[in-house]
Amino acid sequence: MKNEQSYTEQELISLLRSGSQFAFERLFENYSQKLYRFSLSYLKSETEAEEIVQDVFLKLWENRDKLRNETSFQSYLFTIAFNGIRKHFNKKARDERYRTEILEFLSDENPAIETNPDFETLVIKLESLIDQMPDRRKEIFRKRKQEGKAIRDIAGEMEISQKTVENQITEAMNYLKKEFGKDRISGLLFFYVFLD
Amino acid sequence: MKDPIDYKILQKFALGKYSLKDFKLVSRWFEDKNNEDDLKIAIQQHWYGFSEDFSGDEKDLTSVLNQLKQKIAKERPVVLFRKKIQKFYTRAAAILLLPLILYSVYSTFQKVPEPEISSLIEIVSPHGARTHFHLPDGSEGWLNSGSRLKYATGFLKNRTIELIGEAWFEVAPDVKSPFVVGTPHLDVQVLGTKFNVAAFPDENVTEVVLQEGKVKVNGYNGTFTVDMKPDEKFTYNKDLQSGTIQTVNANQFSSWKDGLLVFRNEPLSEVLKRIGRWYNVEFVLTDPEIAKFRYRATFQEEQIEEVIRLISLTAPINYSFNKREMGDDGVFKKRIITIQRKI
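The listed protein sequences derive, respectively, from chains A and B. Numbers 1 to 196, taken from our numbering, label the letters of the first sequence in order. Numbers 1001 to 1343, taken from our numbering, label the letters of the second sequence in order.
No false leads were mixed into what you were given.
Restricting the straight-line Cα-Cα distance to at most 27 angstroms, the calculated cross-link-like pairs of lysine-lysine (DSSO-like) are:
| id | chain 1 | residue 1 | chain 2 | residue 2 |
| --- | --- | --- | --- | --- |
| 1 | A | 59 | B | 1059 |
| 2 | B | 1273 | B | 1233 |
| 3 | B | 1008 | A | 44 |
| 4 | A | 66 | B | 1071 |
If we take Cβ atoms under 7 angstroms as the criterion, some of the chain B residues that face chain A in the derived model are:
| id | residue |
| --- | --- |
| 5 | 1020 |
| 6 | 1021 |
| 7 | 1027 |
| 8 | 1043 |
| 9 | 1047 |
| 10 | 1059 |
| 11 | 1064 |
| 12 | 1072 |
| 13 | 1184 |
| 14 | 1201 |
| 15 | 1220 |
Please keep in mind that the hints were generated in silico from the structure rather than gathered at the bench. Glycine included, every Cβ here is placed at the ideal spot set by N, Cα and C.
Input sequences plus hints: build the corresponding full structure.
Structure (structure tokens):
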């Protein structure tokens, strides 16, 4: 005798086509973990990976009458996931371009930054260094680099001179340069360069 | 210009091992429309090769599922039947139980605010056992052997329950919230009543038997709607995708909840199937002809050995209990009983 887990994927898909919420939940159980981890591997963000899972299953429900068979089901899931990941990825890359730009700038003096195979650690390090800056400098720096505001506008907003804004940004960049030039990072980079 | 995709870099990126240079490359592949097809093929390979077994902790995605359920529930045509339900209850207003239950529901709402995120509650009746259950709205019932029920914590607002297997329900009336039992093939919409639903995944029929009151059975996507009267049995055949109504003695179908196994002129195939589910055993028939033999009996709280012995006294069969085998996973398989024709 079969047990309750024994619906084949084929049966679940045909049940889903006829609007069964039960089949929908079984398919969610079968695929949500895979979809989640797959999305996470590209997006590197738990919230965004969850959003992909939700989008994929919502679209699956909305288009349930168009489903055919098992092969197209697998590739159908993938296609919705792929489109979602692509959209999120591009938005993310745009939002976080400032980090890449800063790291790229720093790599002019320390070329190994660009080829360090642990980019994620560099980003985390960068963020924590920015966080450790004095409040006012941090605010000016983020407005300039993260939000891309003009120096003139920042000066106006904060009621300070443009010169002060420029100085704070130069100070911030020097600080980052110094931090990235010393200790672990360069040691680590040296090690990787040798491995290659 | 097309930018060839380096699979190795893409793979390392997915695994979390990548440099700033790699990241810029991957970003470019994602951004460039010309690359979309190549990128899709590369990532699709990753998808198909993506291991399903994962040693790490599973991510808890219950809240994602619940949000999805809320979104898709809006589509279901529950509202259509509101009018009829109200009409029924103006007539049934004399039921004494009603004000009491409404009060308790009301006071629960007043005191305990519903949690924002709902989670699922599952009631499981293991093989060989029957389980008595109480629901938050005052409804109760019995869950038969090898069956399970699921409902969300927001049950008082949305009285929807999911059933796999067989259950007998006695539903507390509530004008504001219809009670719905969902099975893989149909919904039973309840208007305060006693009834039995059997929806086993290994059978191609789903049965609803109504003992008292009134229920509405809805096929998915509006394929059919049936109003049932007491002592009626609705049988939906998923292969034929059609249903039939018969007049029956409803008590016979709910006797299992009182620990009785009742058979009335039923083919041995049906008898053995129900016994198999009840005691969690499997039958092997060596001669298909014996399956057609009709049988009438009532068993109460007997051991499986005794039940089979009693059947063999009145039916033309011999039986033998096989030794229980251990499966590859180290768990003992179901006990198998071989049934032969008596010569």
